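Q: Those protein sequences? They're chains A and B, same order as listed.
One rule links them: number in the working numbering = place in the first sequence (from 1) + 1376.
One rule links them: number in the working numbering = place in the second sequence (from 1) + 1376.
Just so you know, the hints here were simulated from the structure itself, not pulled from any lab data.
Hints should not be assumed to be uniformly reliable.
As the list claims (entries may be wrong) - For the chain A half of the interface with chain B, some residues (derived, Cβ under 8 Å), not all of them: (1) G1422; (2) N1425; (3) G1439; (4) I1446.
A quick note: this is a predicted structure, and the numbers were derived from the prediction, not measured.
Just so you know, even glycine gets a beta-carbon here, dropped at the ideal spot from N, CA and C.
Protein chains: 2
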Amino acid sequence: MDYEALREGLGNVIRSERYRRGIRSQEGLAHAAGLHPAYVGSVERGERNVSLQNLVRIAGALGMPLSELIAEAEEAAELRKG
Amino acid sequence: MDYEALREGLGNVIRSERYRRGIRSQEGLAHAAGLHPAYVGSVERGERNVSLQNLVRIAGALGMPLSELIAEAEEAAELRKG
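Please model the complete structure; the sequences and the hints are all you need to start from.
A: Next up, the structure:
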């Protein structure tokens, strides 16, 4: 799995899962995760080499297992590849 | 999911998956993943807040999807919690 594709897939999946839960703003997710809104923004844009701890925080704020978030990101990365 | 429990579970899972593949040494896995052996050692001991990029490298060296590695780590963390 290509890291950059996964990083971008992860950002897209986090954004779509956030909307699915009715969390309209990056601020809302950031608050629930205990992270800075600007940081969450850069994660959603696929710009960050997120650490395990912050991945756990984001998955927790979305109420889903991290493994599921990563599985969806892998799928998104595969689809994008073509 | 508790981050520290997951970090420890992940280290244990990486070590057991490495052995399962007949990679006897941390050096062997480090070489395959393009990481420093001492770094792989600290990851296996659950001491590191591993980044997404290094998680991708380790999963790739073990020949398994990252989502599967994380799912196994979640299971190990749950079991440990009792």
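Q: For the restraint on N1425/A, tell me whether the closest CB of chain B is nearer than 8 Å.
A: holds, 5 Å
Q: Taking the closest Cβ pair, is G1422/A under 8 Å from chain B?
A: Nearest chain B Cβ about 10 Å off; hint violated.
Q: Are I1446/A and chain B close enough, Cβ to Cβ, to be under 8 Å, as the hint says?
A: holds, 4 Å
Q: Under the criterion of a CB-CB separation shorter than 8 Å, is G1439/A in contact with chain B as hinted?
A: Result: violated, 11 Å to nearest chain B Cβ.
Hint compliance for this structure: hints 1 and 3 are broken, all remaining hints hold.
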